[in-house]
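Add chain D to chain E, keeping to what the hints say.
Number of protein chains: 2
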Amino acid sequence: MWGIELQKKSKISLARQIFLSLKQRILTGEIAQGEELPSTRELAKGLGVSRNTVCDAYDMLLTEGFIVSRQGALSRVAEGLHIVQKEVVSLKEHKKEHVPVRWDFKTGQPDLSLFPWPLWSQMIRHATNTLSAQQLEYSGPKGYEPLCQEIAHWLMRNRSIDVNPEDIFITSGATQAFHLLVDILYKEDYAFALENPSHPGIHTVLQDRGHLLQWMPVDQQGANISCIRDKDISAVYVTPSHQFPLGGILPATRRAALIRLASEKDFYVIEDDYDSEFRYSGAPVSPIYSMDSSRVVYVGTFSKTLFPSLRIGFTILPKPLQAKWKHYRNFMDVQNPVLEQVALTEFLRKRKMDKHIQHMRRIYAEKRNVLLNAVEHSFCNAVQFWGDASGLHVALQFPGMEFTKEFMLSCQNAGIRIQAVSQYCSVQNNHTDKLLMGYGHLNNTQIRKGVKALFQLIAENSSQGLALK
Amino acid sequence: MWGIELQKKSKISLARQIFLSLKQRILTGEIAQGEELPSTRELAKGLGVSRNTVCDAYDMLLTEGFIVSRQGALSRVAEGLHIVQKEVVSLKEHKKEHVPVRWDFKTGQPDLSLFPWPLWSQMIRHATNTLSAQQLEYSGPKGYEPLCQEIAHWLMRNRSIDVNPEDIFITSGATQAFHLLVDILYKEDYAFALENPSHPGIHTVLQDRGHLLQWMPVDQQGANISCIRDKDISAVYVTPSHQFPLGGILPATRRAALIRLASEKDFYVIEDDYDSEFRYSGAPVSPIYSMDSSRVVYVGTFSKTLFPSLRIGFTILPKPLQAKWKHYRNFMDVQNPVLEQVALTEFLRKRKMDKHIQHMRRIYAEKRNVLLNAVEHSFCNAVQFWGDASGLHVALQFPGMEFTKEFMLSCQNAGIRIQAVSQYCSVQNNHTDKLLMGYGHLNNTQIRKGVKALFQLIAENSSQGLALK
Numbered sequence: 012m013w014g015i016e017l018q019k020k021s022k023i024s025l026a027r028q029i030f031l032s033l034k035q036r037i038l039t040g041e042i043a044q045g046e047e048l049p050s051t052r053e054l055a056k057g058l059g060v061s062r063n064t065v066c067d068a069y070d071m072l073l074t075e076g077f078i079v080s081r082q083g084a085l086s087r088v089a090e091g092l093h094i095v096q097k098e099v100v101s102l103k104e105h106k107k108e109h110v111p112v113r114w115d116f117k118t119g120q121p122d123l124s125l126f127p128w129p130l131w132s133q134m135i136r137h138a139t140n141t142l143s144a145q146q147l148e149y150s151g152p153k154g155y156e157p158l159c160q161e162i163a164h165w166l167m168r169n170r171s172i173d174v175n176p177e178d179i180f181i182t183s184g185a186t187q188a189f190h191l192l193v194d195i196l197y198k199e200d201y202a203f204a205l206e207n208p209s210h211p212g213i214h215t216v217l218q219d220r221g222h223l224l225q226w227m228p229v230d231q232q233g234a235n236i237s238c239i240r241d242k243d244i245s246a247v248y249v250t251p252s253h254q255f256p257l258g259g260i261l262p263a264t265r266r267a268a269l270i271r272l273a274s275e276k277d278f279y280v281i282e283d284d285y286d287s288e289f290r291y292s293g294a295p296v297s298p299i300y301s302m303d304s305s306r307v308v309y310v311g312t313f314s315k316t317l318f319p320s321l322r323i324g325f326t327i328l329p330k331p332l333q334a335k336w337k338h339y340r341n342f343m344d345v346q347n348p349v350l351e352q353v354a355l356t357e358f359l360r361k362r363k364m365d366k367h368i369q370h371m372r373r374i375y376a377e378k379r380n381v382l383l384n385a386v387e388h389s390f391c392n393a394v395q396f397w398g399d400a401s402g403l404h405v406a407l408q409f410p411g412m413e414f415t416k417e418f419m420l421s422c423q424n425a426g427i428r429i430q431a432v433s434q435y436c437s438v439q440n441n442h443t444d445k446l447l448m449g450y451g452h453l454n455n456t457q458i459r460k461g462v463k464a465l466f467q468l469i470a471e472n473s474s475q476g477l478a479l480k
Numbered sequence: 012m013w014g015i016e017l018q019k020k021s022k023i024s025l026a027r028q029i030f031l032s033l034k035q036r037i038l039t040g041e042i043a044q045g046e047e048l049p050s051t052r053e054l055a056k057g058l059g060v061s062r063n064t065v066c067d068a069y070d071m072l073l074t075e076g077f078i079v080s081r082q083g084a085l086s087r088v089a090e091g092l093h094i095v096q097k098e099v100v101s102l103k104e105h106k107k108e109h110v111p112v113r114w115d116f117k118t119g120q121p122d123l124s125l126f127p128w129p130l131w132s133q134m135i136r137h138a139t140n141t142l143s144a145q146q147l148e149y150s151g152p153k154g155y156e157p158l159c160q161e162i163a164h165w166l167m168r169n170r171s172i173d174v175n176p177e178d179i180f181i182t183s184g185a186t187q188a189f190h191l192l193v194d195i196l197y198k199e200d201y202a203f204a205l206e207n208p209s210h211p212g213i214h215t216v217l218q219d220r221g222h223l224l225q226w227m228p229v230d231q232q233g234a235n236i237s238c239i240r241d242k243d244i245s246a247v248y249v250t251p252s253h254q255f256p257l258g259g260i261l262p263a264t265r266r267a268a269l270i271r272l273a274s275e276k277d278f279y280v281i282e283d284d285y286d287s288e289f290r291y292s293g294a295p296v297s298p299i300y301s302m303d304s305s306r307v308v309y310v311g312t313f314s315k316t317l318f319p320s321l322r323i324g325f326t327i328l329p330k331p332l333q334a335k336w337k338h339y340r341n342f343m344d345v346q347n348p349v350l351e352q353v354a355l356t357e358f359l360r361k362r363k364m365d366k367h368i369q370h371m372r373r374i375y376a377e378k379r380n381v382l383l384n385a386v387e388h389s390f391c392n393a394v395q396f397w398g399d400a401s402g403l404h405v406a407l408q409f410p411g412m413e414f415t416k417e418f419m420l421s422c423q424n425a426g427i428r429i430q431a432v433s434q435y436c437s438v439q440n441n442h443t444d445k446l447l448m449g450y451g452h453l454n455n456t457q458i459r460k461g462v463k464a465l466f467q468l469i470a471e472n473s474s475q476g477l478a479l480k
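The listed protein sequences derive, respectively, from chains E and D.
Sequential numbering of the first sequence, starting at 12, is according to the numbering used here.
Sequential numbering of the second sequence, starting at 12, is according to the numbering used here.
So here's chain E without its partners, still in its complex pose (with noise of 0.2 Å):
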C-alpha cells in the first residue's frame, strides 16, 4: 500500500513509520508535487492499522509543511519540496599500515598505572554529594571561585608566588589558554615571538590564523630575546623553568631583560610553566611571575601532574585582559564543567596534590636516573644531555650527527616512537643533531631495552651513512 512497509515490531512507532516513509517518497520525487494522498481511512484500511494512527501519521506531515489540507478535501504534497539527492561519496579514510611501537619515548606523558584513582574517586564521590542544584547552572567564564583559591594556595606553597585569586582562571588545559590568549593578545602587524625549537600548541593556533611570527633561538640557557628589541611584538611566550623541548633554564638577567623590554614596549609576556612541578636537582625555579605580575600571563595546568584527560589548567591574568578572557571564553565554551573543580578542589585543599606529586617526583627521580645511565652506558662519551634536570622528558645531543627524515622513518621501522628536536623547530633549523625522549610513562625494562634498541639502530644507520653529516 503506498510503497509504505510496516515492521510491528520495531522501536519506532506505526504512525512515526507512515510518516517517516510518506516523508521520504515526497522528498525524492517518488510522491509527486500537487499529488493527493489516500484519505485516511483508506490508507488505514490498506495497511491494517487504525485510523487514528495514520491521522497521527498525516498530523506530522502537516505540521512539517509536507502536506497541506482544506476540510473536506484530500491531504496533498505541497510545492517545491523535490529534492535531487547527490551521492553520498565514502570517504573510507585509507589507513595506513604501521609497524607497532615496541619503545616509546613520546614526551609529555605522565606514568597514569601509578595516579591515586581510589583517592581522586572519592574526591569524585565527596563532589557530588556536596553540588547543590544551583551549581548545575551555569557559573561563567572564571571558573570554580574555591578553585581559584586553592589553587592560590598550591601556588604559594609550591611555586612560592604570591597570587590573588581574582587574576585566576580556570581553563580546559593549557592548550585552551594559549588559544585565548591568541585572540586576546592580537595586534594588527604586531608579531608573537615564539622560542625556536617550541610546542607546536601555540605556534599551530598563529599559524592557522595567519598571524605574524618572530623566532627566537633557543640555546642552553632557553631563549636569546635579543632578536625582538626592535620588532613590533604584541607577546612573547615563553618556557622559562624548563624550556620546551630542550630544557634550559631562562636565567635572570634575560629575565629581567625579557620584563624590561616587555613594560617599555608595552606587550605581555606569556609564560608556559609546563613542567616545572618535578625538578629533580638543584634548587626550584621561580617562574617570570614573581618578577613582575603585570606583564606576565602565567599558564599551568594539571595535565601532567593529575592526568590529562581531566582537562583543568589555569591562567594568572593581568587586570587589563580579564574583560576581554570572559568575553572570548564565554563564546568559545563558557566554562569547564563543575563536578572536576569542585573535586580537585578536596584534592588541594586536603593537601592530596603535595603528597602525590612529592611521590611522582621519587618515582620520575628514578626513572631519569635509570634513563641517564642507560645512554650513558650504550653511548659513552658521545652524547650531551640538554634539561634533564626535569621534567618528563630529555634531550640528547649526538655531535657531529644528523637525524634526518630518513632515520626518523627507520626508527618508526624498527618500532621505535622517538621524536627529533628539529621537528619542533622553524626553518631555521640549528637542531638537527638532537633527539628527544620522554620516559615518564617507562618503566626500568622498557627505559634500558629501548635506549640498547635506539643505540643499535644508530650504529647500524651511522656505518650506513644515514644519520651521520
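Incorrect hints may appear among the rest.
[As the list claims (entries may be wrong)] Straight-line distance between alpha carbons at most 27 Å, and here's what the computed BS3-like set of lysine-lysine pairs gives:
1. Lys117/E with Lys463/E
2. Lys363/D with Lys20/E
3. Lys198/D with Lys198/E
4. Lys416/E with Lys463/E
5. Lys337/E with Lys337/D
6. Lys198/E with Lys363/D
7. Lys366/E with Lys22/D
8. Lys366/D with Lys20/E
9. Lys198/D with Lys335/D
[Unchecked claim] Negatives, chain D to chain E, calculated, CB over 12 Å:
10. His109
11. Ala188
12. Arg220
13. Lys366
Everything labelled a hint here was simulated from the structure, so no lab data went into it.
Beta carbons are placed, not taken as given, at the ideal position from N, Cα and C, and that holds for glycine.
Frame of chain E; chain D shown alone:
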C-alpha cells in the same frame, strides 16, 4: 642582617625565605649589580641559621642566574637584573547597584531542582569504577566512542534520524560547536547567513572575527531564505524546529528550498536543534538533517535536557569537514573530560535519559499552560503567542505596542527580568512589539505572580505613553 627577616613558623623553608628576600632586593636594585654577597658562613651566623640553609638559598639564586660565583671568590649579583616596577593601578570594578530580581523570565533555563541527581551520581560512581588508567590519557578530539554510539541510538529513538556514530563529535556544549564551525566554514568574502532575530552565540563569534553577515528575516514560520539566493554564502545558521527566539517551525517547502540552494551554491546548513526535546502539542518535528545529511551540520546539546554545567553537546559532521574539525578542536582544548562522557553513556544506555525527558516534558507542559492561562487572564486578547508549542519559553506579541529601552529599564527597576525580542535583532528590527518569557525554571506561583507584575507595569507604562507607539 642584609634586610632579611625570617619567620621561623612559616610554611616556606628558611632557605627559600632567604632566597626570596635577596631576590626581591636584587630586582628592585637595593642590592646593586656586581655587588658581592656575604659569605655563606657570615650570613648564616648573622641570621642564626645553619650554613647549609644559606648554601641552599645561594644555590637557588645561582640556578636562576641572580648571582654568579667563581671558585674561591664571593658570589656577586649578576648584571642587568634591575627592573623598574610600575605602580600597579588598582582597577576595582565599578559595581552597579541592582534592584534584586523578583520575577525572573530569563530564557533557556531548565528546572534543575528536578534533575535526578542521585541517579546521576550513581552513573558518575559507575564511571569512576570502570575507568582504566589508559582512559586518563588524551583520547583525541572526536570524543568517547561508546558515547557517540549511544547518542546515535538516542537520536534514532528521539528524533528518528539514522546517524553513523563515526560522524558524531562530542563538544563542550553547543557553544563550542558554533565557535569551531565559524573557523571551519569561513570563506573569505563569503557571508554567514543568520536569522534575524537570533541567538547571540554564533553572532558574537562572527562579529569578533569581523566576518561578513547576511540577515534572514523571521516570520511566524521561521527564517525566510529568499534573501540569500543571490548572495555568496559560506554557511547558513538556522533553528528550524523552534526558531530562537520566535518559535516558528520551518515548513518543509522552505527546508527543501534551503537544501537545494546549499547544494547548488555549495554551502553548509548549521542546524541548531536546541529545544526539540520539549514539544507539547502537535507531532514531533524532524530535523533538516534527515532531508540531506551531506549538507547539514547538526548541533545538539545536553545543557537543557540535563544541566548546563555538564558541558556536553555533540555535532553530526559531514565527512568533508571532519579532518578540519579534528585539527581545530585539537588546538582549542583537545577534548572533553572523560568522566562525564562515561557517565552520560551509561545514562543513555539505561534509557534514564528517555525517562527523564518524558518526566520533564510533562512538568514543562504544565508550566507552559499555567503561563498561557495567566497571560490570557491578565491581557485578554491584547496578546498573541509565538512558538508556544515547544521549548522553555514563549514569545508574546502585543500588537500596537513598542517595547522601548526605557520600558526594559523600568522592568529592571521593578525587579522583573525579561527580554525584548528586539535585543536579539540586528539593526533592521521588525519585532519591537514582542517580549520573551522563559518559564522552565519557575514554579506555578512564580509564573502567576510574575505575569501579574508584568501586567501592572505594562498598564502603568501604557498610561504614561512609554510602551506605546
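Taking the hints in turn, this is what the structure says about them:
A C-alpha spacing of about 16 Å is found between lysine 117/E and lysine 463/E, which places the hinted pair at or below 27 Å, so the restraint holds. The hinted pair formed by lysine 363/D and lysine 20/E meets the criterion: a straight-line CA distance of about 22 Å does not exceed 27 Å. For a cut-off of 27 Å, the pair hint linking lysine 198/D to lysine 198/E stands: about 22 Å separates their Cα positions. With a CA separation close to 21 Å, the supplied pair lysine 416/E and lysine 463/E stays within the 27 Å bound.
For the hint pairing lysine 337/E with lysine 337/D, the CA-to-CA distance comes to about 25 Å; that is within 27 Å, so the pair holds. Taking the CA atoms of lysine 198/E and lysine 363/D, the gap is near 49 Å; set against the 27 Å cutoff, the hint is violated. Between the alpha carbons of lysine 366/E and lysine 22/D the distance comes to roughly 15 Å, so the proposed pair stays at or under 27 Å and holds. The suggested pairing of lysine 366/D with lysine 20/E holds, with an alpha-carbon distance near 21 Å, which does not exceed 27 Å.
For the suggested pair lysine 198/D and lysine 335/D, the alpha carbons sit about 14 Å apart, so the restraint of at most 27 Å is met. At roughly 16 Å, the least C-beta separation between histidine 109/D and chain E is larger than 12 Å, which holds for a residue marked as non-interface. Taking the minimum C-beta to C-beta distance to chain E, about 9 Å, the non-interface status of alanine 188/D is violated against the 12 Å cut. At roughly 9 Å from the closest C-beta of chain E, the C-beta of arginine 220/D falls inside 12 Å, breaking its exclusion from the interface.
With a minimum CB-CB distance of about 15 Å to chain E, lysine 366/D clears the 12 Å threshold, and the non-interface call stands.
Checked against the numbered hints listed earlier, the structure breaks hints 6, 11, 12; every other hint is satisfied.
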